[in-house]
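Chemist: The primary structure of each chain is shown beneath.
2 protein chains.
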Amino acid sequence: METMIRKFREAVIKQKAFNYILNVTGWDSETEAPHGSFARRSEMLGIISQEAFRLYVSPEYQEVVNSLFAKSDELDDITRREIKKAKKALDKIVKIPEKEYVEYQKLLSLTQIIWEDAKANNDYDSFKTNLSEIIRYNKLFIKHYGIDNHPYNILLDEFEEDMTMKDYDQLFDLLKAELVPFVKQVIAAEKPRDENFMNAFYPKDLQMLFSNRLMDIMAFDKSHGLIKTSVHPFTWNTSPADVRFTTHCWENQVFSSIFSTIHELGHATYEQQIDEKWDNTLLSGGTSCGIHESQSRFYENIIGRSQEFWNTHFPDLKAVFPEQFANVTVDDIVMAVNKVQRSMIRTEADELTYSLHVMVRYELEKKIFSDEISIDDLPQAWNELMIEYLGIEPKNNTEGILQDVHWSGGMFGYFPTYALGSAFAAQIYYTMKKDIDIEAITKEPNLKKINAWLKEKIHHYGSSKTAKEILKEVTNEDFNPEYYLRYLKEKYTALYL
Amino acid sequence: METMIRKFREAVIKQKAFNYILNVTGWDSETEAPHGSFARRSEMLGIISQEAFRLYVSPEYQEVVNSLFAKSDELDDITRREIKKAKKALDKIVKIPEKEYVEYQKLLSLTQIIWEDAKANNDYDSFKTNLSEIIRYNKLFIKHYGIDNHPYNILLDEFEEDMTMKDYDQLFDLLKAELVPFVKQVIAAEKPRDENFMNAFYPKDLQMLFSNRLMDIMAFDKSHGLIKTSVHPFTWNTSPADVRFTTHCWENQVFSSIFSTIHELGHATYEQQIDEKWDNTLLSGGTSCGIHESQSRFYENIIGRSQEFWNTHFPDLKAVFPEQFANVTVDDIVMAVNKVQRSMIRTEADELTYSLHVMVRYELEKKIFSDEISIDDLPQAWNELMIEYLGIEPKNNTEGILQDVHWSGGMFGYFPTYALGSAFAAQIYYTMKKDIDIEAITKEPNLKKINAWLKEKIHHYGSSKTAKEILKEVTNEDFNPEYYLRYLKEKYTALYL
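These protein sequences, in sequence, are chains A and B. Sequential numbering from 1058 applies to the first sequence in our numbering. Sequential numbering from 1058 applies to the second sequence in our numbering.
No wet-lab data here; the hints were simulated from the structure. Treat the hints with caution; some may be incorrect.
Treat identical chains as interchangeable: a pair holds within one or across any two.
Below, a list of computed lysine-lysine pairs in the DSBU-like style, where the Cα atoms sit at most 35 Å apart [as the list claims (entries may be wrong)]:
(1) K1156 with K1144
(2) K1334 with K1176
(3) K1396 with K1176
(4) K1506 with K1185
(5) K1279 with K1156
(6) K1145 with K1546
(7) K1156 with K1241
(8) K1071 with K1142
(9) K1334 with K1185
(10) K1176 with K1261
(11) K1071 with K1144
(12) K1279 with K1185
(13) K1163 with K1142
(14) K1185 with K1156
(15) K1452 with K1279
(16) K1156 with K1490
(17) K1176 with K1505
(18) K1163 with K1512
(19) K1200 with K1185
(20) K1176 with K1279
(21) K1505 with K1149
(22) K1522 with K1546
(23) K1514 with K1144
(24) K1152 with K1500
(25) K1423 with K1529
(26) K1144 with K1505
(27) K1514 with K1546
(28) K1522 with K1163
The task is simple: from the sequences and hints, build the whole structure.
Modeler: Encoded structure:
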């Protein structure tokens, strides 16, 4: 037993080291590697990935995991959780024939370019063959797994453990029944306002200066992280000792940069506050997509778009851009950053309508993996759902079904976690409110006390607890989407009705 | 035989992949990894280095190399050179116990930060324990090798094959005898000039703009490389497809940035012009430190500090900094960038005195590896040599013994190659002059024709020829330090005497 555990530890730390070094290279690829370097890079990474994969599926490692799994009862709680996780992942991966896996990876890498071109040319037909193949492989892999569950549930579980269509239906049925009509009410009540300042000229270096200010406001530990720019903002980490994120700077949309930065700082704060003791275990990193997104959405929307936040930090912003904000009031800012719109693009949607965009994708994925829709009918179905939930119809497939990168990368079951994140955030928020005075803290120079609460309740655990466990322990309740609806109704009623 | 060669190729490409990924991480460490990330990093790199090391010293690889080495006569010229190189490296490395190797790598990665702090705080004492450990490991490794040669010769050979103390003494004895008094003569002849423009305020972003201009002047391929900033400028590459370099920008010393950039562009041009066919062989990359440095010194000093270069490119510089250069002439620039000074910092030293700084380090390293000096006595010995060769004494250890990064990275025997580089450059220069009209090319918008000559004569070979072979083939002579002295005397006599 002891020998097995020692062998397991050795295997885990070796996996960690390979992941670490591949991650560092990934960061370089995403943020600065020159264009002409990628052919050589993929040749070199192919060799290292193969080395890593061989360790991972080696008979020795499989034996260690299987034999420890058989004795789960005798393991301490932490090792038992690790072994459960290792066993689950291994059971899936060893069932996929290497040939199919390699072909699928090739397909994904080819599809990336095809999707980019299809989106640029509004040409769904040129994308649908590959999309169809990606879906076929996913269904095939699900069959290989041999797990007795609805295919879509298996995909959902990959991004959010133990969350099923039943849970998501509960969330989305509520949004359909209550949020869709509420959005109509809010939009009807909106009055035109002068928002020209939103699209003034904001030099990129000054936007980065303010992003640095936001890092201080959120008490980001700069000795264990950094900010850069990239086209698509993201957070990257290998351990709490090294957490990095990117933002983008569009010169005529300063708030796009600001909320990207706050959003990523939410993810980054989570990762920085995880206890280092999980570093060499399989329980490192944030526990799930939904919980991760709840942290980014909490800081971005609940804190970052609040009246109190801008009361406190508008002077900071004005100090960086005195001319651009010369005739702007705090209320102008608050209304502008909480403007509700029937929009086409999910990533640019406002807080109130965001989950309706997610709902479109959820309904379609459910149909795809229930064999209830053909690839040819997807664009039309997308557009119909947009009309039903948001009241507008995409002009073309570029702003319709082709807008997101996810499906071209084989990510089905990921989208719903975005809505889940907002819903988790609201549920956590109502608990936090009972414990600490959020409004008062938001008036302070930084958000350290909010960070501290989240660290104690959620962050420090890493993935040693599941999302469901955390939610239950923190809020004393299972997942309850009513909080999300309540939060949105309270906030937008106060702003608009 | 064929099987052995196939196995050798497979092993080489795997080594390449590990080097590649470790190099990418190294670039990240040098240019942006947050301070607090290094403890975790060294833990992870320790594991990957160990994996790489195991492949490298595996009995299978040793058998392949030894058996091919035994049949060297039957190999093609390229494979024979690779095997000779592999055998030489292997003979050394197999003698180092794995544990010691891994511990040494960890020590080096930790020492980097300790040196940075020590330098920032003028605190030699906080550095000397690690320095002493690094030296101890190097002496230990030399003992393990069991090669019948002076320890310092073994180190010298690692950076410049077949060059020994005898060769370097020949160079440095000449400099001691001729250059030290010539410097005194030049300094005595210097007249005060108005050089206030040298220390005007030059914003960092504009310095980077001009560095980008220099990349165009030197015809650097930006799709296969990039520039960043770091404290200590350096060039980095994994293959001709990805060549990066750094410069530094001090707001009151624009020429420091300019010549750092040109210098690194010299290294970078060499690496970019190597034939890609060497990528998966052991003959990739520049052939030796001395030849590498000859390329950077050639562009920096022989071209970059010439009258012709500034006749052509002063307007470019003035376009970026119109106010700072409003009342400055080309001659002012040429005299200022060729000013001879008794200065403290090697990297900031002028062309004429530069090798005297190297001589200080050479003498100390000789003493260290002859066991003729203690770690405690190094700072004082440094200062005494500075007085002897340059006539000045460092005020503190930050501008004395702590100034260079090399020893903190375990690089002993490297410094002398810097002086060798300048000497090689001069010898190559006198040959180039016979082939092409350097002055005329320097008047053109870019230096493509000089690049082309160097590519044909030196660069494209990678390390498929040794430094000594290249020098002989290009100049029709063995290494001859008299060219260096001749070049310096001609140039500075014309400028000052």
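Chemist: Would you mind marking each hint as holding or not holding in the structure?
Modeler: Here's how the hints hold up against the structure:
For the identical chains of this complex, K1156 and K1144 are neighbours both inside a copy (22 Å) and across copies (32 Å), given an alpha-carbon limit of 35 Å. For a Cα distance limit of 35 Å, the shortest separation of K1334 from K1176 across copies, 33 Å, qualifies, whereas the shortest one inside one copy, 42 Å, does not. Taking the shortest Cα distances, K1396 and K1176 sit within 35 Å of each other inside one copy (27 Å), while across copies they are farther apart (53 Å). When the C-alpha separation of K1506 and K1185 is checked against a cutoff of 35 Å, the pair qualifies neither within a copy, at 47 Å, nor between copies, at 42 Å.
Within a single copy, K1279 and K1156 get their C-alpha atoms only as close as 41 Å, which misses the 35 Å cut-off; across copies the closest is 34 Å, which meets it. Taking the closest pair of Cα atoms, K1145 and K1546 never come within 35 Å of each other, the shortest separation being 40 Å inside a single copy and 74 Å across copies. Taking identical chains as interchangeable, the C-alpha atoms of K1156 and K1241 are never at most 35 Å apart, the minima being 51 Å within one chain and 69 Å between chains. Proximity of K1071 to K1142 under the C-alpha cut-off of 35 Å is found in both arrangements, the shortest distances being 17 Å within a copy and 30 Å between copies.
In this assembly of identical chains, the alpha carbons of K1334 and K1185 lie at most 35 Å apart only when taken from different copies (32 Å versus 44 Å within one copy). Within a single copy, K1176 and K1261 get their C-alpha atoms as close as 23 Å, and across copies as close as 34 Å, so both meet the 35 Å cut-off. Taking the shortest Cα distances, K1071 and K1144 sit within 35 Å of each other both inside one copy (17 Å) and across copies (29 Å). Taking the shortest Cα distances, K1279 and K1185 sit within 35 Å of each other only across copies (29 Å), while inside one copy they are farther apart (41 Å).
Taking the shortest alpha-carbon separations for K1163 and K1142, both the intra-copy value of 26 Å and the inter-copy value of 31 Å come in at or below 35 Å. Taking the closest pair of Cα atoms, K1185 and K1156 come within 35 Å of each other only inside a single copy of the chain (23 Å); across copies the shortest separation is 55 Å, beyond that limit. Taking the closest pair of Cα atoms, K1452 and K1279 come within 35 Å of each other only across two copies (33 Å); inside a single copy the shortest separation is 41 Å, beyond that limit. In the homo-oligomer, the alpha carbons of K1156 and K1490 never lie at most 35 Å apart, since the shortest distance is 52 Å inside one protomer and 54 Å across protomers.
For a Cα distance limit of 35 Å, the shortest separation of K1176 from K1505 across copies, 33 Å, qualifies, whereas the shortest one inside one copy, 39 Å, does not. For the identical chains of this complex, K1163 and K1512 are inter-copy neighbours only, at 32 Å across copies versus 38 Å inside a copy, given an alpha-carbon limit of 35 Å. Taking the shortest Cα distances, K1200 and K1185 sit within 35 Å of each other inside one copy (22 Å), while across copies they are farther apart (62 Å). Within a single copy, K1176 and K1279 get their C-alpha atoms as close as 33 Å, and across copies as close as 22 Å, so both meet the 35 Å cut-off.
When the C-alpha separation of K1505 and K1149 is checked against a cutoff of 35 Å, the pair qualifies neither within a copy, at 41 Å, nor between copies, at 54 Å. Proximity of K1522 to K1546 under the C-alpha cut-off of 35 Å is restricted to the intra-copy arrangement: shortest distance 31 Å within a copy versus 74 Å between copies. Only within a single protomer do K1514 and K1144 lie at most 35 Å apart by alpha-carbon distance; the minimum there is 28 Å, versus 58 Å between protomers. In this assembly of identical chains, K1152 and K1500 lie within 35 Å of each other by CA distance neither inside one copy nor across copies; the values are 54 Å within and 64 Å between.
Taking identical chains as interchangeable, the C-alpha atoms of K1423 and K1529 lie at most 35 Å apart only when both belong to the same chain, with a minimum of 27 Å there against 68 Å between chains. For the identical chains of this complex, K1144 and K1505 are neighbours neither inside a copy (38 Å) nor across copies (58 Å), given an alpha-carbon limit of 35 Å. Taking the shortest alpha-carbon separations for K1514 and K1546, only the intra-copy value of 26 Å comes in at or below 35 Å, while the best inter-copy value is 73 Å. Taking the shortest alpha-carbon separations for K1522 and K1163, both the intra-copy value of 33 Å and the inter-copy value of 33 Å come in at or below 35 Å.
Violated hints, in rising order: 4, 6, 7, 16, 21, 24 and 26; the structure is consistent with all others.
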